Amino acid sequence: MPIGGFVVNAQPEFVAEVAKQVAAIADVEVHGFDADGNIVAVIDTVSSIEMEAHVKEIEAIAAVLTVGAAYLHAEDEIDKIISGELIIDKPFHQRQRH
Amino acid sequence: MKNIIELVVLLTLIVLLSACNSAMNGQALKTVDPMQAVAADHPELTEQEKLLPCFECHKEVTPEIYAEWYDSSHGIGNVKCYQCHGTYEELTKVPAVDRCSACHAGEMHNSAPETPCWTCHLTHKFTGHQR
Amino acid sequence: MSVTRRDFIKRSAALTAASYVGMNLPFAQHNVAHAVDADRWVRGTCRLCGSGCRLELGVKDGRPVALRGVPDSRTNYGYLCMKGMLFYKMMQHPERLHKPLYRAKKDQPFKEIGWDQALDIAAAEFAEAVKKYGKDSTAYYGSGQCQTEETYLFQKVFRGGLQTNNVEGNPRLCMASAVGGYMTSFGADEPIGGYANIERSYCIFIIGSNMAEAHPVIFRRVMRRKLDNPAKVKIINADPRISPTSRIADMHMQFRPGTDMALMNAMAYVIIEEKLFDQKFMDDYCVFRVGKDAKQVDMAAYKESLSAYTPEKAVRLCGGNITAEDIRTAARWFATSQGTLSIWCMGINQRKQGVWANNLIHNLHMLTGQLCKPGADSLSMTGQPNACGGVREGGGLCHILPGHRPVVSEKLRNQVEDAWGIPRGRIPPKPGYHTMAMFQAVNEKKIRAIWINCSSPAQSLPNVTPYRKGLQSDDVFVVCTDIFPTKTTECANLILPTAFHFEKTGTYGCTERRSQITVKAIDAPGEAMPEVWIVREWALRLARQLNDPIIAKCVEPFMGKEPDYELPQAVWDEYTQKLTKGCDNDLRGATYDVLKSMADGVQWPAPTVEYALTGGTVMKFVRGSDPMAETEAKDDKPYQFYGAAHADKKLWIWLRPYVGADEEPDAEYPLYLSTGRIIDHWHTSSMTGRVPELLRANPYSFVEINPQDAARMGVRPGDMVEIESRRGKVEMPAKVVEGPIEGMVFAYWHDMHEDRMINKVCNDAYDPDSKEPEFKICACRVRRISGPRALKPYITTLNG
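Chains as they are written, first to last, in my numbering: chain F, 1 to 98; chain S, 99 to 229; chain C, 230 to 1029.
Among these hints, one or two may not hold up.
What the hints assert, rightly or not - So the derived list for chain S, only partly shown, Cβ under 10 Å to chain C, looks like this:
#1 157
#2 175
#3 181
#4 194
#5 210
#6 220
#7 223
Said to hold, decoys possible - DEER-style ranges, computed between Cβ atoms:
#8 F:46 - S:162: 31 to 41 Å
#9 C:241 - F:12: 20 to 30 Å
#10 S:165 - C:945: 53 to 63 Å
#11 C:241 - S:162: 12 to 22 Å
These aren't lab readings, by the way, just hints derived from the structure by calculation.
The model shown is predicted, which means the values in this text are computed figures rather than measured ones.
Ideal Cβ placement from N, Cα and C applies to all residues, glycine included.
Using the sequences and the hints given, assemble the complete structure.
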């Protein structure tokens, strides 16, 4: 059940609209935005796969320049990683070993 | 283990990259509403705990802030936390800027309307103009 | 609102991200503090301490919403302490008294009644007391927090109407020794200078005062003076206790309580020995006097009297951290600075020898000529906002009439009677009961009807237990005018709800002879009324009950005037135009129109409107600053000490020996006990205890114990300890701090709780001249009771 804090950087003149679109995505909360085009978003999902999907969704919005992770809380998955149930070799990509 | 280290390294890179996107000069940039207060998310306290003065905990929890305040003119002059930040029912992390006008109405009248006082008079040292 | 763990983590995530781009996140779902939204701002004076800060009340839709300082005021320059910032929260507080309350017997519950009935009862009871027991069985106990108009009108009705001088007030407990000191040293009450000397002084001697907490906004000026001139300005702090005030001191002198008298004599010794005195100033303006009959002596005799106070001898007596070299250094700084300012308060006044302690401070200034020039002043800080203006100047003590007139003078009594248009002989020739005697008289059933206005002696008197018991007796009819239930309303038969500050118009006179006006800004809650209206209506009924039309004559000039503005204005006009005319506190220029036009107010003497508009007299006795220094001049000298109490128009340097406290520690009670205020609370906390921020800052009284003493007693921080004297005992949580000197404990006195009311323990011995009690020193013993306990703050309700 990872929680991630992200900074979405959008073109400044469209920041308000982008913030609205981002907020409309399920599991995503917009906590604030500023006149420089920065948007603070928190993504709270059941798994990192879903989180990665939401990030891709946000990146796909026109006028979004970058999405950066500033904070990741993933303790629920750490146990699975340690036991070998879950293998992460790249962020937001996962392969499950059967 | 190796995978976790890679995870951490990659995360760090991403963090740094996104950080470079914005100007990090340590001061508040123009925000949507710079003059609006920011509510504090204080941990829940019992009624009894609320009877402790703020510094009892904050001496340990935010020691740099306490030290800065203590040696500032606010600290020597006994301007206490709650005068700017309010009490629990209305606690703010960033006070409404016109709270400063209780004592500094003259200065506020003469300064730029969009700039909160602490942009220049850094919290919690509150250094003033040199005489 | 509670925060789940998940929410907390999400919040941390958002804050972290925001911090990378320096964003402040607004949160709509929480209670965000709104910017102050007022539709008008009304100017007035702070309700709390004697600093005299000027502020404005923000009003929105008839409700008080904020307070802010007035930047152009020459007292506070716009600054406020937390009490001044927050007292608007007292105004519409749910526990405000709304209606008159009455009970025939004190074990009955109070019943709400109407004003007509309430005033009839008050008149009937006082009339009955007069008829059965005589005029002096009635009494008025007022306050340094009443407006001048209120004190003046009450004392007019009592003296001219009821014909008793049993008119007293709580300034007897705090300022009487300062009055005595000024009268005997300078010949007239109240400081020569004022706050303006702070920014021009180079040596500031703070003794017996924790002004950082007791007068925070004036302390700010001292702090600023020091911080801006760290090398040039010297601060000396003399106090048995290390307090927040000590933070800016270059030298802190810590001594055994009461030995400050020896310390100051030792400083005088050094000034004489090292020839640091100002011979010309002394020749021109001073004489030396000694003893009950004020015998004049010469400098040689004075020097001889100091031989017991060499620095070495004084150091042995004082103990603490003082060295002989410290005393010499302090004396040299004092004498040689370009302008030396002394500041003191209760540590000096609330003493068995309070007047003498005041004299000793004035002596240092007279010896060194540190008076009357910029930055040089001996400035007694006044505790309450209107002890000066109302009680000391308006005739609110048993021995003085308005305008500083001693009641024993027939000529001056006649002046007042003529001004009031009442027959000569109405005002009794002898002073009435002073405060401690007044409450003793209640206990002895000599006083049968007492009116207690805006004060809570059932908590604030020293050795309070027997006096509270006396007030609880059904043999004395007690009427209280107040805004909240207090420990004293618990002893009342009749409670009359009053309008609070900004709910009525009136004047306060602060520390530095400055009268300032507060104009009504909002309506009082319920049926609460201004005191001036209450006195007028009561006096009319009293006149009928006693069939004495002169009582009605006392309020005749105020008939038909509406109570919010016209009535107090008429009272103020009579007082200033008729009673202060030609007196040293001449306030004729300070009309309501003048006072309202000013950022701050008017320092007397200010005989003309023109002079009042400049702010009035900055330095008394100085030609060019004080108009009376011209009109009363006896020669060409630049300073004219025209004080009425000194026939020779000179300043008197008194030979005063060190005398210990009334009750020194002994084998049974081995520790000194001292008490005092802390910054967040005012006096008995009946007001400040009802503001959440202030209550939480100091929810109950603590006792400060020195770490050495604590170690000996096995006391750790937060432990409950018992403090006991011959008079009673209380329990308090302990603070273990490098505060009080070893061998002394310091307790806060604001707590109303029975178990923590420190005045039960204090000593009611008083100064034989000023009659002010020795709150500051008595003997106690302290023992650990238990570990920390979860205590509940206590603010009293109507029925206790």
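Evaluated hints:
For residue 157 of chain S, the suggested interface contact is broken, since its CB lies about 13 Å from the closest CB of chain C, more than 10 Å. Because the smallest distance between the Cβ of residue 175 of chain S and any Cβ of chain C comes to about 5 Å, under 10 Å, the interface hint for this residue holds. Checking residue 181 of chain S against chain C by beta carbon gives a least distance of about 5 Å; that is within 10 Å, so the hint holds. Of the supplied interface hints, the one on residue 194 of chain S holds, with its beta-carbon coming within about 5 Å of a beta-carbon of chain C, less than 10 Å.
Among the interface hints, the one on residue 210 of chain S is violated; its C-beta lies about 16 Å from the nearest C-beta in chain C, farther than the 10 Å criterion. Evaluation of the residue 220 of chain S hint against chain C yields a violated restraint, the C-beta minimum of about 14 Å exceeding 10 Å. Interface hint at residue 223 of chain S: violated, since its Cβ lies 13 Å from the closest Cβ of chain C, which is beyond the 10 Å cut-off. Take residue 46 of chain F and residue 162 of chain S: their Cβ atoms lie about 38 Å apart, and the range 31 to 41 Å holds.
The given range of 20 to 30 Å is respected by residue 241 of chain C and residue 12 of chain F, whose C-beta atoms sit roughly 27 Å from each other. Evaluation of the 53 to 63 Å hint for residue 165 of chain S and residue 945 of chain C yields a failure: the beta carbon distance comes to about 25 Å. Hint check: residue 241 of chain C to residue 162 of chain S, Cβ distance near 19 Å, so the stated range 12 to 22 Å holds.
Violated hints, in rising order: 1, 5, 6, 7, 10; the structure is consistent with all others.
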